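Chemist: Sequence:
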Amino acid sequence: MIGFLNGIIISKNPPTLVLDVHGVGYEIEAPMTTFYNLPVIGEQAKLHTHLVVREDAHILFGFSTESDRLLFRTLIKVNGVGPKLALTILSGLSAADFHRCIADNDVQALVRLPGIGKKTAERLIIEMRDRLPGLGSADSESGEQQEQPSSSLNNSRQEAISALIALGYKPTDASKMVQNISSDKSCEDIIRLALQGASK
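Numbering of the sequence shown is given in our numbering, commencing with residue 13 and proceeding in unit increments.
For the record, the hints were derived by calculation from the structure and aren't laboratory data. Source: prediction; values computed, not measured. Even glycine gets a Cβ: it sits at the ideal position worked out from N, Cα and C. Don't take every hint at face value.
Here are the in silico distance ranges between beta carbons for each label pair [claimed, not checked]:
1) D196 <-> D68: 34 to 42 Å
2) P183 <-> I71: 22 to 30 Å
3) V123 <-> D196: 30 to 38 Å
4) N192 <-> M13: 38 to 46 Å
5) D32 <-> Q208: 29 to 37 Å
6) V30 <-> Q120: 31 to 39 Å
7) A115 <-> G209: 20 to 28 Å
8) V33 <-> G129: 37 to 45 Å
9) V64 <-> A115: 23 to 31 Å
The list that follows gives simulated cross-link-like pairs (lysine to aspartate or glutamate, EDC-like), each with its CA atoms no further than 20 Å apart [stated by the list, open to error]:
10) K89 <-> E139
11) K58 <-> D32
12) K96 <-> D68
13) K58 <-> E39
14) K89 <-> D142
15) K96 <-> E78
16) K131 <-> D142
17) K96 <-> D185
18) K182 <-> E171
19) K96 <-> E41
20) K130 <-> D109
21) K197 <-> E171
22) K96 <-> E39
23) K58 <-> E78
24) K131 <-> D116
25) K96 <-> D109
26) K96 <-> E67
27) K131 <-> D118
28) K89 <-> E67
29) K96 <-> E134
30) K89 <-> E41
31) K188 <-> E171
32) K96 <-> E171
33) K58 <-> E41
34) K89 <-> E134
35) K188 <-> D201
36) K130 <-> D116
Using the sequences and the accompanying hints, generate a full structural model.
Modeler: In structure tokens form, the structure reads like this:
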């Protein structure tokens, strides 16, 4: 099992990034909450990782905090929640917001996320309520890393749409989510604002 990776960021194409660790490029899938904390391409980053082994692929997931990885690992133990859906949940809600949803029985906040219907949301609330005490603090670890403005601003909106589609949103919905957001912002900022708008 790979516990963490510490290397140079080679590329960022949400929800995927490539990390160069001593000459080996690791392709990692990460939630948007992790992308928001990543440094610029070419700088060093440390990610806590979880490896999912399937018959047809080995997929490495990365998280900026240990608490996010623990939440991810707890989510995929819930019946009907796989790694992709867990990644979508962590992209649409911070760990703290997810804790609040469970504590407040907020089904509506969960069903706004793509791929989650009412039954899945209710199952999440029931099953996660008993598991939350062991999750530890939902606060993010100290972030020395800062967000980076995109080097290709003209493409940031299209990249954001592609990332939202990869997270499970329909293409038409993804386009609507970003249409009123300035394309002068970085891809990560556009996605964050789109997800914030979708959760209201």
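Chemist: When you check the alpha-carbon spacing of K96 and E67, does it fall within 20 Å?
Modeler: Answer holds: K96 to E67 is near 16 Å, not above 20 Å.
Chemist: Is it true that the CA of K89 sits at most 20 Å from the CA of E67?
Modeler: It holds: about 19 Å lies between the C-alpha atoms, which stays within 20 Å.
Chemist: If you draw a straight line from the CA of K182 to the CA of E171, is it 20 Å or shorter?
Modeler: Distance ~15 Å between K182 and E171 Cα, so the pair holds.
Chemist: Can you confirm whether the C-alpha distance between K188 and D201 stays at or below 20 Å?
Modeler: With Cα atoms ~16 Å apart, K188 and D201 stay inside 20 Å; holds.
Chemist: State, for the Cβ atoms of V123 and D196, whether the hinted interval 30 to 38 Å holds or is violated.
Modeler: holds (32 Å)
Chemist: Between V64 and A115, is the Cβ distance one that fits in 23 to 31 Å?
Modeler: Hint holds: Cβ distance 28 Å, inside 23 to 31 Å.
Chemist: With the threshold set at 20 Å, check whether the alpha-carbon distance from K58 to E78 stays at or below it.
Modeler: Holds, at roughly 11 Å.
Chemist: Has the hinted range 38 to 46 Å been met by the Cβ atoms of N192 and M13?
Modeler: holds (43 Å)
Chemist: Measure nothing beyond the straight line between the CA atoms of K188 and E171; if it is 20 Å or shorter, mark the hint as holding.
Modeler: holds (14 Å)
Chemist: Within 20 Å, alpha carbon to alpha carbon, are K58 and E41?
Modeler: holds (14 Å)
Chemist: Would you check the hint for K131 and D116, treating anything up to 20 Å between C-alpha atoms as holding?
Modeler: holds (17 Å)
Chemist: Please work out if K96 and E39 have their alpha carbons no farther apart than 20 Å.
Modeler: holds (15 Å)
Hint compliance for this structure: every hint is met.
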